[in-house]
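> Single-letter residue listing:
There are 2 protein chains.
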Amino acid sequence: MRKFLLASVLSASFSTPLLAAEAAAPATPSGIVAAAPASEWVRIAPENLLVMDLAPDAAGKPRRVVIQLIGAPFSQDWVENIRKLAAAHWYDGIAVVRVQDNYVVQWGDPDGEDAKKAKPLPAGLAPTSQRNYSVAISSLPANSRTLPPPIQVCTGGQCPDQPALPGNLDWRPYVARNDIYAQRTTFKNGFPIGVDLDAGLAWPVHCYGYIGVGRNMSPDAGTGAELYAVIGHAPRQLDRNVAVVGRVIEGIEYLSSLPRGTDEMGFYASPSERVRIAKVRMGTAVADLPGYQYLSTESDSFAAYAAKRANRKDDFYTQPAGGADVCNVPVPIRIAK
Amino acid sequence: MRKFLLASVLSASFSTPLLAAEAAAPATPSGIVAAAPASEWVRIAPENLLVMDLAPDAAGKPRRVVIQLIGAPFSQDWVENIRKLAAAHWYDGIAVVRVQDNYVVQWGDPDGEDAKKAKPLPAGLAPTSQRNYSVAISSLPANSRTLPPPIQVCTGGQCPDQPALPGNLDWRPYVARNDIYAQRTTFKNGFPIGVDLDAGLAWPVHCYGYIGVGRNMSPDAGTGAELYAVIGHAPRQLDRNVAVVGRVIEGIEYLSSLPRGTDEMGFYASPSERVRIAKVRMGTAVADLPGYQYLSTESDSFAAYAAKRANRKDDFYTQPAGGADVCNVPVPIRIAK
Numbered sequence: 000m001r002k003f004l005l006a007s008v009l010s011a012s013f014s015t016p017l018l019a020a021e022a023a024a025p026a027t028p029s030g031i032v033a034a035a036p037a038s039e040w041v042r043i044a045p046e047n048l049l050v051m052d053l054a055p056d057a058a059g060k061p062r063r064v065v066i067q068l069i070g071a072p073f074s075q076d077w078v079e080n081i082r083k084l085a086a087a088h089w090y091d092g093i094a095v096v097r098v099q100d101n102y103v104v105q106w107g108d109p110d111g112e113d114a115k116k117a118k119p120l121p122a123g124l125a126p127t128s129q130r131n132y133s134v135a136i137s138s139l140p141a142n143s144r145t146l147p148p149p150i151q152v153c154t155g156g157q158c159p160d161q162p163a164l165p166g167n168l169d170w171r172p173y174v175a176r177n178d179i180y181a182q183r184t185t186f187k188n189g190f191p192i193g194v195d196l197d198a199g200l201a202w203p204v205h206c207y208g209y210i211g212v213g214r215n216m217s218p219d220a221g222t223g224a225e226l227y228a229v230i231g232h233a234p235r236q237l238d239r240n241v242a243v244v245g246r247v248i249e250g251i252e253y254l255s256s257l258p259r260g261t262d263e264m265g266f267y268a269s270p271s272e273r274v275r276i277a278k279v280r281m282g283t284a285v286a287d288l289p290g291y292q293y294l295s296t297e298s299d300s301f302a303a304y305a306a307k308r309a310n311r312k313d314d315f316y317t318q319p320a321g322g323a324d325v326c327n328v329p330v331p332i333r334i335a336k
Numbered sequence: 000m001r002k003f004l005l006a007s008v009l010s011a012s013f014s015t016p017l018l019a020a021e022a023a024a025p026a027t028p029s030g031i032v033a034a035a036p037a038s039e040w041v042r043i044a045p046e047n048l049l050v051m052d053l054a055p056d057a058a059g060k061p062r063r064v065v066i067q068l069i070g071a072p073f074s075q076d077w078v079e080n081i082r083k084l085a086a087a088h089w090y091d092g093i094a095v096v097r098v099q100d101n102y103v104v105q106w107g108d109p110d111g112e113d114a115k116k117a118k119p120l121p122a123g124l125a126p127t128s129q130r131n132y133s134v135a136i137s138s139l140p141a142n143s144r145t146l147p148p149p150i151q152v153c154t155g156g157q158c159p160d161q162p163a164l165p166g167n168l169d170w171r172p173y174v175a176r177n178d179i180y181a182q183r184t185t186f187k188n189g190f191p192i193g194v195d196l197d198a199g200l201a202w203p204v205h206c207y208g209y210i211g212v213g214r215n216m217s218p219d220a221g222t223g224a225e226l227y228a229v230i231g232h233a234p235r236q237l238d239r240n241v242a243v244v245g246r247v248i249e250g251i252e253y254l255s256s257l258p259r260g261t262d263e264m265g266f267y268a269s270p271s272e273r274v275r276i277a278k279v280r281m282g283t284a285v286a287d288l289p290g291y292q293y294l295s296t297e298s299d300s301f302a303a304y305a306a307k308r309a310n311r312k313d314d315f316y317t318q319p320a321g322g323a324d325v326c327n328v329p330v331p332i333r334i335a336k
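Here the protein sequences line up with chains A and C, keeping their order. Using numbering that gives the first Met the number 0, read the first sequence as starting at 0 and increasing by one per residue. Using numbering that gives the first Met the number 0, read the second sequence as starting at 0 and increasing by one per residue.
Chain A on its own, in the form it takes in the complex:
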């Protein structure tokens, strides 16, 4: 009798046990990740974690969403504001106000548009500017080690010559030359980035589960008080138009499976539909937090994992893709044992 499977991708759902078959054969992306040595995993410091507890669900079940904030030099004005807002407990009691299918879940002050009722922001938030959606490639920190040549991912037969590249970019593990939204895409310190070599600029990109800063019309660049998480196909058109500040590393399902809003753009039509955010704290203020790690994007295992994601050929896959877009190479996350 048929077994009817659809082979899985390794997603950020790190707590899911691997299939026995996958664990036995590191010829799959998840097998490669499972076999990575401890030295290749990087601890995510609690000071870079944002812990958001939604109000419990109808059955009283807790709903905790853990967010990894992006590191320097990307989006640091917004990230610092988010630290201040969390330290001031400003987010406590705000709500998820919008869930648009195949796009975003958004949360903020439901009364933010009403000057009389809006929740006052804490003092000392940094001014923000759309100029800082990108950073100079020259400002990126050095790699942790000298990396061998990159694994180049490009569609079969259409792979142009590899140019000389700045030494402080993680070109080793992965480089997509035929990305539609950027000259190149790669990873830096565990985050996917887009690169414009001619302009000398790099920026974090919007993938599934990534967090951005809601804002008003340009030139407003948002403060960090209103945030959204991507719950659909990567809306890469938002890259360099909004600040990306991090990604969900646990509990994305508490956002992605919320009822969709029926008003314009997926806003909840009635206040009663909103989901209350009980509290948001920095990881340093949460006692029982597990030890999260990401697989170093400079590691040999990440390089092998990215290459395998781009070229699967096994008992299930007969036609290797010959490439993978940067959002289809999710950075593996796990909880340290």
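It should be emphasised that the hints constitute simulated quantities derived from the structure, not laboratory data. All of these numbers come straight from a predicted model, not from anything done at the bench. One should not assume that every hint holds.
Said to hold, decoys possible - Residues of chain C clear of chain A, computed beta-carbon distances all greater than 10 Å: (1) Glu-46; (2) Pro-72; (3) Arg-82; (4) Arg-144; (5) Asn-188; (6) Ala-284; (7) Ala-303.
Unchecked claim - What follows is a set of in silico ranges between Cβ atoms, one per label pair, in the way DEER data are often shown: (8) Ala-44/C with Ala-268/A: 32 to 38 Å; (9) Arg-275/C with Glu-46/A: 44 to 50 Å; (10) Arg-63/C with Gly-290/A: 42 to 48 Å; (11) Ala-34/A with Ala-268/C: 25 to 31 Å; (12) Pro-218/A with Ser-217/C: 51 to 57 Å; (13) Pro-45/A with Pro-72/C: 55 to 61 Å; (14) Gly-290/A with Ala-268/C: 22 to 28 Å; (15) Pro-36/C with Ala-86/A: 54 to 60 Å; (16) Gly-92/A with Ser-38/C: 49 to 55 Å; (17) Ala-44/A with Pro-119/C: 54 to 60 Å; (18) Ala-71/C with Ala-114/A: 56 to 62 Å; (19) Met-216/C with Ala-34/A: 18 to 24 Å; (20) Ser-128/C with Leu-196/A: 42 to 48 Å; (21) Ala-335/A with Gly-290/C: 54 to 60 Å.
As the list claims (entries may be wrong) - Some chain A residues close to chain C (C-beta under 8 Å, calculated; not the full set): (22) Asp-100; (23) Gln-129; (24) Gly-208; (25) Met-216; (26) Ala-233; (27) Gln-236; (28) Leu-257; (29) Gly-322; (30) Asp-324; (31) Asn-327.
Even for Gly, the Cβ is constructed at its ideal location relative to N, Cα and C.
Given the coordinates of chain A, assemble chain C onto it according to the supplied hints.
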């Protein structure tokens, strides 16, 4: 006081009213679609619709998912099997057995792996073969009209010369040259496709909301009795490895917002978590079905819409993307008035 918005994309949520600002200015993708003349909309015949009614939710609310089956010459063995399975009422009483975040919702016979308990398939299903995941470009039907040159979408400054292309492809509205998973991507008869000009082959691609056929390990190609819908970033690595048979055009939220499964690969750990499928019928067997239409992918409005999706510059977007991947140009769907 800040208004805190994140500008919307036009998704397949055709019933959502447009924002007033968008309706007034057809300089946005959704404005272009709203202004498209009636002659550019194509009726979706009821014989190409599959109507799946999940059991009502906990509050007793109906949950109807409407699927548009893909037209010839793509995946026709599976599509014909699906018609037979629906006509035989075979799908009635099966269940959603898997919901994996950022990947798929899958439904089928929960006892399908148990030879003694599995639900017998109706007689007369066509044998299927992985050879038919792709079709010859030469077998594609002619366009409905002579189309002007294509709108080429490619990352700024890196747009190579346009080659001569077969006349029966909808090259006009959109052509992505730097897709990572195919030599080219375009649209044919309302569906996004990948193209390999050297091999002379074309195939339907996996985007958000698209329906594929679950199967066992290769060379099994599935029957159509087990199906899945994409609920995350487009898993394009599945292209040419699984049969794509259609897309959800209404009710995707009843699948995408289901609780995620906690077992391996998102399968529901307990039978009690499964969501029962009450019945599945062809559109011809459903009395109260509205008149669905899609925007012709050969139309002037679709061409303008695709170009605008690739190059937004307005009060919200200051940095046009310069391109759009084929899954980021969702084919507009509406209900005829």
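> Next step is simple, just say for each hint if it's right about the structure.
Evaluated hints:
| no. | hint | verdict |
| --- | --- | --- |
| 1 | Glu-46 | 27 Å, holds |
| 2 | Pro-72 | 19 Å, holds |
| 3 | Arg-82 | 20 Å, holds |
| 4 | Arg-144 | 28 Å, holds |
| 5 | Asn-188 | 22 Å, holds |
| 6 | Ala-284 | 25 Å, holds |
| 7 | Ala-303 | 16 Å, holds |
| 8 | Ala-44/C with Ala-268/A: 32 to 38 Å | 33 Å, holds |
| 9 | Arg-275/C with Glu-46/A: 44 to 50 Å | 47 Å, holds |
| 10 | Arg-63/C with Gly-290/A: 42 to 48 Å | 45 Å, holds |
| 11 | Ala-34/A with Ala-268/C: 25 to 31 Å | 26 Å, holds |
| 12 | Pro-218/A with Ser-217/C: 51 to 57 Å | 53 Å, holds |
| 13 | Pro-45/A with Pro-72/C: 55 to 61 Å | 56 Å, holds |
| 14 | Gly-290/A with Ala-268/C: 22 to 28 Å | 26 Å, holds |
| 15 | Pro-36/C with Ala-86/A: 54 to 60 Å | 55 Å, holds |
| 16 | Gly-92/A with Ser-38/C: 49 to 55 Å | 52 Å, holds |
| 17 | Ala-44/A with Pro-119/C: 54 to 60 Å | 57 Å, holds |
| 18 | Ala-71/C with Ala-114/A: 56 to 62 Å | 59 Å, holds |
| 19 | Met-216/C with Ala-34/A: 18 to 24 Å | 22 Å, holds |
| 20 | Ser-128/C with Leu-196/A: 42 to 48 Å | 45 Å, holds |
| 21 | Ala-335/A with Gly-290/C: 54 to 60 Å | 56 Å, holds |
| 22 | Asp-100 | 5 Å, holds |
| 23 | Gln-129 | 6 Å, holds |
| 24 | Gly-208 | 7 Å, holds |
| 25 | Met-216 | 4 Å, holds |
| 26 | Ala-233 | 5 Å, holds |
| 27 | Gln-236 | 4 Å, holds |
| 28 | Leu-257 | 7 Å, holds |
| 29 | Gly-322 | 4 Å, holds |
| 30 | Asp-324 | 5 Å, holds |
| 31 | Asn-327 | 6 Å, holds |
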